[in-house]
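Asker: Reassemble the complex: the two chains are provided individually, in unrelated frames, and hints are given to aid placement.
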Amino acid sequence: MSGEERDRIFVENLGKVLAEAEESTDALTRMRLQSARFRALEAAEKTLPWYARFPKLVTAGGLATAMVIVLAISFWQTPDRPGPANGQVEDLEIMTTHEQLELYKDLDFYRWLETVDNAG
Amino acid sequence: MELATSEALNRFLAGVEVRAYRMAEFSIGDADEALDLVQDAMLGFASRYADKPESEWNAIFYRILQNRITDWYRRTAVRNKFRAWFGNSDDDGDGKEDPIQTIADTKSPDPAKSLYHADAVVAMKTAIGSLPLRQRQAFMLRAWEGMDVAQTACAMGCSEGSVKTHYSRAVHTLRGLLEEFKP
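For the protein sequence lines, the chains are B and A, in the order given. Positions 1 to 120 (my numbering) are the ones given, in order, by the first sequence. Positions 1 to 183 (my numbering) are the ones given, in order, by the second sequence.
With the rest of the complex left out, here is chain A (with noise of 0.2 Å):
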């Protein structure tokens, strides 16, 4: 690779990268997978895609991103319906917390604020993650990665109908869920 394109991958995956994680753990609801997913995406994108014009790049990224997405519900599918059968719902089972959950965070030196900003990204994460996968990923594309319909059609791998219908559906569940978010 040409140090030029290596050094444009980098600034672009640098840029994309934490988005990209937030998104992904916003889907899946699981930072560590969250964490594979994005390294996944990474390491298809730059091993396949990296010769493409800088214009598409961000584009195919997160078509990388969605389909790693997609095939994690279906590996999770399968996984639960093979739990189901033997009888085995709970990996940890042993019920005890994260002991580095209970460490006080001394970043935020507002705690109202920063409490309320917590229940505000609980909030919406949980709205969010109600939503079906095709009017999740619509929705965090267009609303969060700021991508038009075009974009985000080919992002998603299907018309730019199809974003719009999901993307207006995401919206109008969303809008009956978190009503302190409405103007």
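Chain B on its own, in the form it takes in the complex (with noise of 0.2 Å):
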């Protein structure tokens, strides 16, 4: 037997009394590991942000998802808006002239004067 396998079949029976030990483990060194653990498992939960609580899937892509249907939704739902009537178009037309407001403002005076005109 060369020193290599004798050295292999010595670990291999250390091994064997050390798995023979780790099965011996009484109960209550049992109940405290699995409290520990626990613990363990609990303190992960509460390092993590809240954000990191959710599926990766509905962090990223779910959230990007989301956002697209509401603004699809938002797009969809919202009421063409009614254009400018003509009528408006001429006041604002009349409102944005300065040079002609003077002929605006007595326009019925005009109005009277070809009256006046056309029937002299």
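None of these hints come from the bench; they were simulated from the model. Be a bit skeptical, because a hint or two may be false.
[Claimed, not checked] In silico DSSO-like pairs for lysine-lysine, Cα to Cα no more than 30 Å straight-line:
(1) LYS16(B) to LYS125(A)
(2) LYS125(A) to LYS81(A)
(3) LYS52(A) to LYS46(B)
(4) LYS164(A) to LYS16(B)
(5) LYS164(A) to LYS125(A)
[Stated by the list, open to error] So, partial list: chain B residues that the calculated Cβ filter (under 10 Å) puts toward chain A:
(6) ASP7
(7) VAL11
(8) LEU14
(9) ALA19
(10) THR29
(11) GLN34
(12) SER35
[Unchecked claim] Among chain B residues calculated to face chain A with C-beta under 7 Å, some are:
(13) ASN13
(14) GLY15
(15) ALA21
(16) THR25
(17) ARG32
(18) LEU33
(19) ALA36
(20) ARG37
(21) ALA43
Every residue, glycine too, gets a C-beta built ideally from N, C-alpha and C.
Answerer: Okay, here's the thing in structure tokens:
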């Protein structure tokens, strides 16, 4: 038997005793280890930010999809805005023209003058 | 944390906790301190490394545990120095036996086998305890946890060459100390 083979068997023998020592661990110690494990899992939950507690698909792709859907619905639901009426456009034109403001103020006078001229 | 990850983490820790505890106990020779170290390692692992791939968990967990054990040795060495300066080398001092230790163990059906097993464990614990820390770590991770050289190197935070050297020396020393386990 080679030295390497002897070492392997020797280590295997030691490993068996170590495994038996592991199996013979008493119930109280196992319970304390279980309790420690639960505390560790609880601590791991608490250390994560709130958004990390959601599934990753929801946090990344899910949120992006939700945003697209909300935008699409909002565009779809919004009623078409009515275009400006013709009359309103004319009023706008009058209001924005500073030069002829006097003319429009005395429009009734000029209409009367026109009827008088036509009659005469 | 995802539910699936949490369940996987629970399964992983449940699978390693007893062995990790026994390793720590073999390393430092104190059951309560070993339990604290394992708890600390589990907390550190679950808080910071749960998002790593599951295939890496074993090496990472044992690396944390080995670091905790090394830290424990450092702290103990410093504490012992202070005790030596102040002339107080024994915490208990009263020399009284723990009453729990005197209660008969009724769990084992075969006392002769139990005695042999207990003797073997004590002998091995003493032998492993006499090894230098790094040799002890290399031996336990390879012989007990069944890690290969690369995984052991990762868990110990050293090169594969160092692992081979530590392990070889550990086996050589143990062969001299534990004659009854020789083939």
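Asker: Which constraints among the numbered hints does this structure fail? Numbers only, ascending.
Answerer: none
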